[in-house]
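Based on the hints, put chain B in the right spot on chain A.
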Amino acid sequence: GDSVTQMEGPVTLSEEAFLTINCTYTATGYPSLFWYVQYPGEGLQLLLKATKADDKGSNKGFEATYRKETTSFHLEKGSVQVSDSAVYFCALKRYSSASKIIFGSGTRLSIRP
Amino acid sequence: EAGVVQSPRYKIIEKKQPVAFWCNPISGHNTLYWYLQNLGQGPELLIRYENEEAVDDSQLPKDRFSAERLKGVDSTLKIQPAELGDSAVYLCASSSGQDYNEQFFGPGTRLTVL
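So the protein sequences, as listed, match chains A and B. Residue 477 is where the first sequence starts when you use this note's numbering, and the numbers rise one by one after that. Residue 95 is where the second sequence starts when you use this note's numbering, and the numbers rise one by one after that.
Pulled out of the complex, with its shape left as it was, chain A reads as follows (with noise of 0.2 Å):
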């Protein structure tokens, strides 16, 4: 079956440096990617979105690109700050299923001052 697979965490980074958050997937067909982010004490929100191969999602300074070859979304920032900290999460889902979206189990990451 589908299925999403990530970094597990938590990741703890400085602020000002590099963010990369592996995620790779298993899905027939070609589904859409996303990274959902998950604040401290609110809801899951959608970051950022790419429809089919060598899309690149942006938000927010976040990047990822849509690689059908290597089945990967890896998610991207190249200086984080203190306020991404949260909890992220790679997710997927096919045309053919309707709404049902696949998710990771998340990445908890950490950004210290």
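There's no promise every hint is true.
[Claimed, not checked] Sample of chain B residues facing chain A (criterion: CB under 10 Å; computed from the structure): (1) A96; (2) G97; (3) V98; (4) S101; (5) R103; (6) K105; (7) V113; (8) W116; (9) Q131; (10) G134; (11) E138; (12) A182; (13) L185; (14) C186; (15) F199; (16) G202.
[As the list claims (entries may be wrong)] Using 27 Å as the maximum straight-line C-alpha spacing, the simulated BS3-like pairs for lysine-lysine come out as follows: (17) A:K544 / A:K528; (18) A:K544 / A:K532; (19) A:K576 / B:K156; (20) A:K576 / B:K172; (21) B:K110 / A:K576; (22) B:K156 / B:K172.
The set of hints was computed from the structure by calculation and includes no laboratory data. In this text, all values refer to a predicted model and were calculated from it rather than measured experimentally. C-beta atoms are modelled at their ideal positions from N, C-alpha and C, and glycine is treated no differently.
Coordinates of chain B only, in the frame set by chain A:
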């Protein structure tokens, strides 16, 4: 615009007791979802509504869980009786359509069963 509202935010009960969670979706959103999020895991879909119809409840444990969405707006998720393993966060989300429309999540209800 108000987001998805859930209540209560926290609930502590003893095992074998009933519990109910309430969700008010974003106005105009016809699709409503209930997700279960275990500690250290990503959310898993329990049930999806299109208006008042449950169109995907394949992952809902029907022996103890039930849900309703009267009038196609608010929704209630119930567990009766609760078990220790039901301790988790229950998330509600809504969207204005199906496939590629963004799902907006509420803050969740954290349930602890003692």
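For this session: List, from low to high, the hint numbers that the structure doesn't satisfy.
Result: 1, 4, 6, 7, 8, 12 and 21
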